[in-house]
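**Q** Each chain, written out:
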Amino acid sequence: MTIGLTHYLIVAAIMFVAGLFTMMTKRNAIGILIGVELVLNAATVNLVAFDRYMGPDRLDGQITAIFVIVLAAAEAALAVGICINVYKNLSTVDVDRANSLRG
Amino acid sequence: MRILLWKLWMGYRIFGPIIELLMAMFRPFAVAMYRMGGPIVAQMAGMILISAVVAVCVGVWAHAMLFGFVDESILATAASAGVELTGAFSYVSPATWGLTPSQIAVQLQQVGGVAANMSGVAQYLLWPVQFGIVRDLVGLGALMGLFNIIPVYTIWWERKVAGRIQSRLGPMRVGGWHGWSQSPADGIKLLLKEDLIPDGADAPLFRLAPYFNIIPSALAFVALPFGATYVFRELDVALIFILGVLGVEVLGVMLAGWASNNKWSVYGAMREACQMVSYEIPLGMALLLPVVTTGTLNLTKIVDAQSGGWFHWLVFSSPFAFIGFIAFFVASLASCKRAPFDLPEAESELVAGFLTEYSGIRWSFFFFAEYAAMFVVCGLAAILFLGGWHSPLPASWGAALGDAWYARGVKGLLFSGPVWFVAKCVFLLYVQIWIRWTLPRIRIDQVLYACVQVLLPLTMLMLLGTTVWVWASTSECETWAMVTAITRYVLGGIGLMFAFAFPAIAAYGFYHRRAMVGNLVQDAMPGS
Amino acid sequence: MADTVFEASPDTMIDYDSSQQGDLRTEEMLINMGPQHPSTHGVLRVVLRTDGEMVLEAIPHIGYLHRCAEKIGEAVQPYQYVPYTDRMDYLAGMNNNQAFSLAIERLCGIEVPPRGETIRVAFAELNRIASHLVSLGTYGLDMGAFTPFLYCFREREMILDLFEAACGARLTYSYITPGGVHDDLPASWVERCLEFLDYFETKISDYNNLLSFNHIFVKRTSRVGVISIDDAIGYGLTGPCLRGSGIRWDLRKTAPYDGYENYDFDIPIAKPGGTDEIPEGVIVGDCWSRYWVRVLEMTESVKIIRQALGRLPNGDFIAPKMKNIKLPEDEVYVEVENPRGQLGFLVAGDKSAIPSRVKARGPSFCNLCITEKACKNVMLADVPAIIGSIDVVMGEVDR
Amino acid sequence: MTNTKHNLTSCLLRLVVAGGGVLLFSSQAAFASEASGVTNAAAPGGLLEAALFYFVALVAVVSSLGVCFSKDIVRMAVWLFGALGSVAVMYFLLAANFLGAIQLIVYAGGTLILLVFGVMLTSKSPWVKFECPKIEMLFAGIICAALLGCLCIVLTDATWAGTMQVVPGASVEAIGKILITKYLVPFEVAGVLLMIVMVGAAHLARQDD
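As they're listed, the protein sequences go chains A, B, C and D. Quick note: the first sequence uses numbering that gives the first Met the number 0, first residue 0, plus one each step. Quick note: the second sequence uses numbering that gives the first Met the number 0, first residue 0, plus one each step. Quick note: the third sequence uses numbering that gives the first Met the number 0, first residue 0, plus one each step. Quick note: the fourth sequence uses numbering that gives the first Met the number 0, first residue 0, plus one each step.
Treat the hints as calculated values from the structure; they're not laboratory data. Among these hints, one or two may not hold up.
[As the list claims (entries may be wrong)] Simulated restraints, written as ranges between beta carbons of each label pair:
#1 E56/C <-> D59/A: 55 to 65 Å
#2 G508/B <-> K320/C: 54 to 64 Å
#3 L136/B <-> V61/D: 23 to 33 Å
#4 L170/C <-> G58/B: 49 to 59 Å
[Stated by the list, open to error] Once the Cα atoms are required to be at most 27 Å apart in a straight line, the calculated BS3-like pairs of lysine-lysine come out as:
#5 K252/C <-> K302/C
#6 K252/C <-> K358/C
#7 K262/B <-> K372/C
#8 K375/C <-> K87/A
Here the structure is a predicted model, which is why all the values come from computation and not from measurement. Every residue gets a Cβ at the ideal spot worked out from N, C-alpha and C, and that includes glycine.
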């Protein structure tokens, strides 16, 4: 019953694939954003798990995870801003309809 | 499955009469108990309440003493046996769940069996207490009890205070003594009310939303210390843990507003989101002041840094902390949705905001969460700025008392103990209630203005100032040490002035209440 | 015409233009405020067209409390109709009684005895105070301040006790009837009333400290819902709403009735912030000005009541033989100054004991018309502030 | 009345479940706290830890699948909350207390609120759905399933070069120190980035004149 590195990696893999699937199939821009968050979280779990099991006393994984969280927050703020702008111009957040650069 | 049910049914057919017989024997007993106890409860409710409170206090005290005794005896046994302990026994704490029972047994064998200086019956009585899981279950029971009792009695107290502020009496009937069981009675009523879900609402989310609200506020109690050893889990990141779980509450409110299928609810949710997300920043900034000063996120250690009496509390440590405390209190009002920041549930604008469609027990969950969160932020303010469980008297005065068990009790009462923490929380709660029943509500643009243009720059400046102050304090310069000492005593003096002025004004008002209210009110108004 | 003192023009109105607000443009939403909403003072229904927190348009819908009050007047005798007037503006029953009674008296040429006239003035002013107290209290409630409401109601209870002592009723008095008042004052009523006035005058400063000069309250109500002089006159506003826009117009001065010309009192009007004790930021015609006019009017009413009680003559309190009087074939229109503005009654007779036509001109009804204009491009929280400052009583709007 | 009873029992049941959740969570928080904490590390490998991990992993997987397959955008956000929360618990299990708390503050209290806020601002009616063509769903499903299969095979077969030794978790002080010594440059860059993002987001959300 020992929980090892692989356990965490498999959970993270499932989360990653789920996020990928969400990004592929959702048409709502915010839905895609949610998928991105899921993927980023899966990556962070990997980082922390490797840090715990493979990098004694170095903390590299945890620090990288902190930066990933920071970036994800920044990305979410910008992406929601973009979504609202898209909505303002097109009255929808369907990504298939946001196909012109003119805005 | 069907076979199982059938077996159960057969079991009932066999044992049912026996159970019913027992019930029939029990029923007159219960009725007789009620007949005997009812009048006593009705007539001596106040006495019963006071003795219950005293009993709870004694119980908690005894529980802590017991755990301490067991811990000490184990440590003493280990020390005499010359064995180094690992894991749960390596430090004294009332709640540890580090080891499985079998591991504990192994360790106990290593140190020479069950605590050698325990004998006879006591040995068997105290034996289960050694197990972390037993302690944890006791601790969890206490935690859940606190989580239930605190909101219920904060609501009762708010109603009493509001009544007095508004020249009326507040609840007086239920339970006898000042309506002390009004809130539990309301709770029972809410439990029994029909649980309405509006047509067209997103039912699963609608049902789920209150839990998003109530569970985080319960989780906050896990890491909130009531005293040096009265903490369920001493986390090294307790401060940001509490901030994080309180932040999750917003999600519950937003889901409640969204799932209700009501436009007023959506307004409440949007306002909540705006307000919370913006006020979390000054709140976090203000929380960083004590962290910068003490250099830890562990709440127990932050309080330990403030021992030494009134003038060593963090709020008096520098002018920046003094102003930062006020900023923190304002931001905490906003984060608890308390007036004047109660926009998400503004009844004169949004009917009831996100609560509009809720009724019954789910509605009361939101209130539980709100009042528990109020207590938590008041506790944070007390811990971070007001010395936590330390009394205004310096603890060194108690050294002369020695270390006997009665001396420990006196010390706990006079110098540092949970009673001081709770007293400070109750005072801060009183201030929150006082503000709520005095001030009008502000508008959403003013809320955001106050956050972005007043509180945020203010707390940033305070953080910067505190950093410089702490950096200067490390320089070991004589003049600077004098400056800090003078600042400490000047600010402490101002605080002391407030501390004496507050009861003085209250007493003045109490003795002159007839003149202030006027003779006409006495004659004309009922109950005066 | 009234002398205008301070000009309130549209360009001083706070500009909530969306470009200034810098807010996100989102979906517009139609939302029903009322008829069951805590701050619409009864059964007013306002349909709001909102964009986020901004209210683009607010359209009041009325009629939920219609009870054919005017038509009933054409079926009963005047003294029987007095109770119906109580139920129009149920917060100012005395003033309604007074308006209808004055119309009947003028139609029939009845002379009210001096004692009756003086009692009428005292009771009308007491009721003005009571009505303004409700207005103040509920306005605080609209702003989220609960406590002033209970303080105001505490004092109002005392006025109601006084009314109860005189006429036996606490809400629908029917005390003032055609010809005078229907009962004399009970023993020691005057002393009780004077005691109350002494007590009440000290309480006004309490309200001011607690609510009027409260920083948050001033911020919430100043520069909000500004009504210019032109608008105020154009929409036919009367009472505190008109005086709140800076127009010195009060029927008790300009067209005195019941001997108001013999009393010494002022007509308070709104002034811009910085003058007297008015806080900075207030401009003439905003919600705070309307509120403040009511506070000042209470002091003036106390003054009038003191004078009235001081000169209370002995003698009859009602003209003799007031029942079954035949109304002449004529019609009159009489207006009095209600707490909410000018309440007018048109009564026409046809030589029978029952009027052939009764028509009321309600101040709340006319004041409510400004809602649509005042609530354009304000924030959601300002709508209760504006409606509360106009102070409508739906019983009188719908009649 | 039956309805009331049913709801009463269901509410109480859920509260009990919630209490159990609190217990579980706090117990694993104790692990982490001890593991990273003051004195000795308790061996993580107990039955309890395993039970907790499987519970949390189940929540994470179910929530992720919920994100994939729910049609309603707000429900997606709720499922995402489940995933984020369970990831936070996993951090606690991995003795990364600080990260767990940060995850709660930044993701659950910030990013998720922002997402739900975005949903509220950009939908005409409460339940907007944009349908994806079935064939695309199929292709995406095939690709993702293949990827998952490959990943699982690789992960289970891989031999890692690391020590595989569990070490005591680091304290917050250690993270703080390494952040302003070894990782000072990325730290500053992240700060600058955040400021740029703040300005950019403000610019994006600005009203067009």
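**Q** Taking 49 to 59 Å as the stated bounds, is the beta-carbon spacing between L170/C and G58/B within them?
**A** holds (54 Å)
**Q** That 55 to 65 Å hint for E56/C and D59/A (C-beta), does it hold up?
**A** Since the Cβ atoms of E56/C and D59/A sit about 59 Å apart, the hinted range of 55 to 65 Å holds.
**Q** Has the hinted range 23 to 33 Å been met by the Cβ atoms of L136/B and V61/D?
**A** holds (28 Å)
**Q** Given the hinted pair K375/C and K87/A, is their Cα-Cα distance within 27 Å?
**A** Roughly 23 Å between the alpha carbons, so the hint for K375/C and K87/A holds.
**Q** Given the hinted pair K252/C and K358/C, is their alpha-carbon gap at most 27 Å?
**A** Given that 27 Å is the threshold and the Cα spacing comes to 24 Å, the pair holds.
**Q** With the threshold set at 27 Å, check whether the alpha-carbon distance from K262/B to K372/C stays at or below it.
**A** Roughly 24 Å separates the two Cα atoms, so the pair holds.
**Q** Check the hint pairing K252/C with K302/C against an upper bound of 27 Å on the C-alpha distance.
**A** Given that 27 Å is the threshold and the Cα spacing comes to 15 Å, the pair holds.
**Q** At the C-beta level, are G508/B and K320/C separated by a distance inside 54 to 64 Å?
**A** For K320/C against G508/B, whose Cβ atoms are near 57 Å apart, the range 54 to 64 Å holds.
Figure legend: structure checked against the earlier numbered hints; every hint is met.
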